[in-house]
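Residue numbers (the working numbering), protein chains in the order written: chain A, 1 to 111; chain B, 1 to 112.
I should point out that these hints are in silico values taken from the structure, not numbers from a laboratory.
Ideal placement from N, C-alpha and C gives every residue a C-beta, glycine not left out.
Accuracy of the hints is not assured; some may be wrong.
[To be verified] Heads up, simulated SDA-like pairs for lysine to any residue below, C-alpha to C-alpha not over 25 Å straight-line: (1) Lys107(B) / Asp85(A); (2) Lys104(B) / Gln41(A); (3) Lys104(B) / Thr2(A); (4) Lys42(B) / Phe64(A); (5) Lys42(B) / Asn77(A); (6) Lys69(B) / Ala98(A); (7) Lys42(B) / Gly99(A); (8) Lys111(B) / Gln41(A); (9) Lys42(B) / Gly3(A); (10) Lys42(B) / Val110(A).
[To be verified] Covered stretches of chain B, as calculated for chain A (at least 3 residues, CB under 8 Å): (11) 36–47; (12) 98–106.
[Claimed, not checked] To give an idea of the chain A side of the interface with chain B (calculated C-beta under 8 Å), a few residues: (13) Thr31; (14) Ser33; (15) Pro43; (16) Phe45; (17) Gln48; (18) Phe60; (19) Ala80; (20) Phe102; (21) Gly103; (22) Gly105.
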Amino acid sequence: ETGVTQSPTHLIKTRGQQVTLRCSSQSGHNTVSWYQQALGQGPQFIFQYYREEENGRGNFPPRFSGLQFPNYSSELNVNALELDDSALYLCASSLGGAGYTFGSGTRLTVV
Amino acid sequence: EDQVTQSPEALRLQEGESSSLNCSYTVSGLRGLFWYRQDPGKGPEFLFTLYSAGEEKEKERLKATLTKKESFLHITAPKPEDSATYLCAVQAYGGSQGNLIFGKGTKLSVKP
Numbered sequence: 001e002t003g004v005t006q007s008p009t010h011l012i013k014t015r016g017q018q019v020t021l022r023c024s025s026q027s028g029h030n031t032v033s034w035y036q037q038a039l040g041q042g043p044q045f046i047f048q049y050y051r052e053e054e055n056g057r058g059n060f061p062p063r064f065s066g067l068q069f070p071n072y073s074s075e076l077n078v079n080a081l082e083l084d085d086s087a088l089y090l091c092a093s094s095l096g097g098a099g100y101t102f103g104s105g106t107r108l109t110v111v
Numbered sequence: 001e002d003q004v005t006q007s008p009e010a011l012r013l014q015e016g017e018s019s020s021l022n023c024s025y026t027v028s029g030l031r032g033l034f035w036y037r038q039d040p041g042k043g044p045e046f047l048f049t050l051y052s053a054g055e056e057k058e059k060e061r062l063k064a065t066l067t068k069k070e071s072f073l074h075i076t077a078p079k080p081e082d083s084a085t086y087l088c089a090v091q092a093y094g095g096s097q098g099n100l101i102f103g104k105g106t107k108l109s110v111k112p
């Protein structure tokens, strides 16, 4: 059984640019959540997708958006990057919201 | 407001020196409390889920317990490979779907 895989592992972007991060969920999992983890902090919930629809969202602005595809993989898109967006972005998959398995994350640096 | 507070922020132990990490939580209705281990630059690795007060779960040198206000992660005779940041998270009934609320974590260092 494969776990959650995220790509890329590291990324450097310039302020104002746009970025897309990708996540493949664990086999059999139909729900994907995204989290932002700043250095020295716990992960913060961005949003969750189930059956290709966003069904939960944290306190993040609309420039954070996402997609879920029929194979349950997912993308996180961030527009108009700001310096404070620099963080580890984590994807977690679950079966119907029970038991979350996290990927290793994408380290985004905005300069 | 639902929130999670972990203490201490950092803990240094000698190999074999048992101790406990604390997770205090405030939540409108607890759906589940989760413990994760996180190594530097990696994603959180699932350890335990607890659902109701009085519940206990064990895995190797780790034991998690839950009361109505807090959870403890007991580490018995730790080894250097137990060094990591331990994260506690809660999920509330009625909260935004999928929303795990995390504490800031306890960074554990175990010296040989």
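May I ask which of the numbered hints given earlier this structure violates, with the numbers listed in increasing order?
-> 3, 18 and 19
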